[in-house]
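Asker: Sequence:
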Amino acid sequence: MLSLHNKYLKFLPFNNTAHLIRIPNAVKILRYFSKDNCNGKKAQAKKLSLKNVDVAGKKVFMRVDFNVPMKDGKITNNQRIVAALPSIKYALDKKCKSLVLASHLGRPDGKKDKKFSLEPVAKELEKVLGKPVCFLDDCVGDQTLEALKDPPEGSVLLLENLRFYAEETGSSKDENKKKVKADPQKVKEFRAKLAQLGEIYVNDAFGTAHRPHSSMMGDGYKVRAAGFLLDKELEYFAKVLHNPATPFLAILGGAKIADKIPLITNLLNSVSVMIISGGMAFTFLKVLNNMEIGKSLFDEKGAKMVNDIVCKAKEKNVNIIFPVDFVIANKIDKKPDKIDRVDGQQGIPKDMMGLDHGEISSSVFAGAICASKTIVWNGPPGLFENELFSQGTQSMLEAVIGATKRGATTIVGGGDTATACMKFGGADKVSHVSTGGGASLELLEGKVLPGVAALSDA
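Each residue of the sequence shown is one higher than the last, beginning at 76 in our numbering.
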């Protein structure tokens with residue numbers, strides 16, 4: 076049985092309004108209740124959804140995210156292809172004239188490169204869709220434009236990688252890997268050609284919605300709608316950003332504070348509690364408590380912002396919780412020479428580094444998670460890829476799953492967090508696992524996503 080001794084309380088910057096409750100494992104932690112207001116920002120105008128568009132007899136151009144992992148020309152995970160099926164099947168079921176699918180794959184830097192071809196994706200899509208898929212080996216060439224003037228009824232066509240053209244992203248790289256800006260006139264012409272490929276534009280690529288790339292803007296289309304995958308993402312993030320049920324908890328991991336400043340600053344306007352874990356917790360603990368952190372990550376730039384963050388948290392009546400014990404090792408390795416467990420008072424020896432939080436921290440975090448009605452989790456708390464340092468992430472996921480079962484809205488965002496959620500079998504046990512790392516991060520930072528802003532209002 077674990078107990079949280081008074082010596083650990085100095086590491087938790089609780090305020091005087093909190094009160095103690097009992098949680099599993101007999102650990103006492105503080106439960107928080109926030110003001111019932113949101114961050115005061117106006118909700119973004121609701122966007123037109125595919126379900127409200129009559130596609131019958133129309134040529135539909137759909138931007139999807141088929142940026143799937145590949146090895147030796149074979150797809151190793153088809154999740155992103157499967158995720159697009161609801162929108163694809165809906166358009167076909169509603170008798171669209173034709174469905175043109177467009178995506179990027181990897182970073183070919185504006186040049187044609189066979190290893191980034193979408194041809195293997197066409198074969199995989201054909202398999203999971205159960206319908207023939209015609210692959211076109213260009214996206215805006217003369218042959219493609221001619222083929223799509225009058226495609227067969229009910230046909231599904233997949234274009235070649237959009238990023239084979241510098242005009243898609245707005246830049247390419249020369250032989251010295253130096254960035255070269257695309258000619259604005261050619262970008263305009265590229266977008267005009269994309270507009271000839273359909274009558275209705277559908278964006279279902281949330282993972283790229285934060286980038287103002289040509290295919291994401293829908294230029295030249297009168298009707299620009301969100302696909303079901305994008306719709307779902309916006310629906311869940313709206314719950315968090317505009318009127319979250321409280322208490323509202325944000326769980327943040329990652330290495331550098333400086334990288335998360337916009338995220339932390341925006342979330343402090345609306346959360347009740349914030350858990351700061353992972354690598355960036357060590358910078359906070361070093362600055363706030365002068366804790367010895369050994370070889371653990373320390374963000375010099377971020378360290379200068381710690382006190383400002385804590386001051387803003389106090390102003391907003393937000394409680395920040397840090398880990399109080401740690402799993403440490405002498406190096407990042409599958410089998411380190413030395414592994415130990417320490418608490419915050421002991422500190423971390425000079426030759427060791429923190430790679431996960433310990434059992435007491437897990438119980439403290441579980442209590443805060445248990446008490447929350449809205450939870451956003453961005454960034455794993457430990458080196459979960461290594462089984463030796465995965466317990467903190469697993470216990471956090473179990474707590475989030477438990478909160479979901481009790482009715483909390485739980486959103487897992489960020490590439491690594493989503494990967495951890497899938498690795499430990501939690502993807503279908505939380506409210507929502509976001510498909511967009513950078514896009515979800517920018518939404519939580521309070522930014523407007525270009526790909527969403529470009530859609531028609533409902």
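Think of the hints as simulated: they come from the structure by calculation, not from any bench. The reader is advised that the hints may include incorrect statements.
[What the hints assert, rightly or not] What follows is a set of in silico ranges between Cβ atoms, one per label pair, in the way DEER data are often shown:
1) 267 / 461: 26 to 34 Å
2) 378 / 408: 21 to 29 Å
3) 154 / 375: 33 to 41 Å
4) 378 / 252: 27 to 35 Å
5) 259 / 412: 54 to 62 Å
6) 224 / 480: 47 to 55 Å
[Said to hold, decoys possible] Calculated lysine to aspartate or glutamate pairs in the DMTMM-like style (CA-CA distance at most 25 Å, straight line):
7) 307 / 249
8) 172 / 194
9) 189 / 249
10) 331 / 517
11) 331 / 375
Cβ atoms here follow ideal geometry from the backbone N, Cα and C, with glycine treated the same way.
Asker: So, for every hint listed, does it hold in this structure?
Answerer: Comparing the hints with the structure gives:
The hinted window of 26 to 34 Å between residue 267 and residue 461 is violated, with their beta carbons roughly 50 Å apart. Residue 378 and residue 408 have their C-beta atoms about 27 Å apart, which keeps the hinted 21 to 29 Å range intact. Restraint check, residue 154 to residue 375: a C-beta distance of roughly 37 Å satisfies the suggested window 33 to 41 Å. Between residue 378 and residue 252 the beta carbons are some 33 Å apart, a value that agrees with the proposed interval 27 to 35 Å.
Between residue 259 and residue 412, the C-beta spacing of about 57 Å keeps the proposed range 54 to 62 Å intact. Our hint of 47 to 55 Å for residue 224 and residue 480 holds, since their Cβ atoms are close to 53 Å apart. For the proposed pair residue 307 and residue 249, the alpha carbon gap of about 39 Å is over 25 Å, so the pair is violated. Distance restraint check for residue 172 and residue 194: the Cα-Cα separation of roughly 23 Å lies within the 25 Å cut-off, and the hinted pair is therefore satisfied.
At most 25 Å may separate the alpha-carbon atoms for a hinted pair to count; residue 189 and residue 249 meet this at roughly 18 Å. Between the alpha carbons of residue 331 and residue 517 the distance comes to roughly 16 Å, so the proposed pair stays at or under 25 Å and holds. Distance check on the hinted pair: residue 331 and residue 375 sit about 9 Å apart at the alpha-carbon level, within 25 Å; holds.
This entry does not satisfy hints 1 and 7, going by the numbered hints stated previously.
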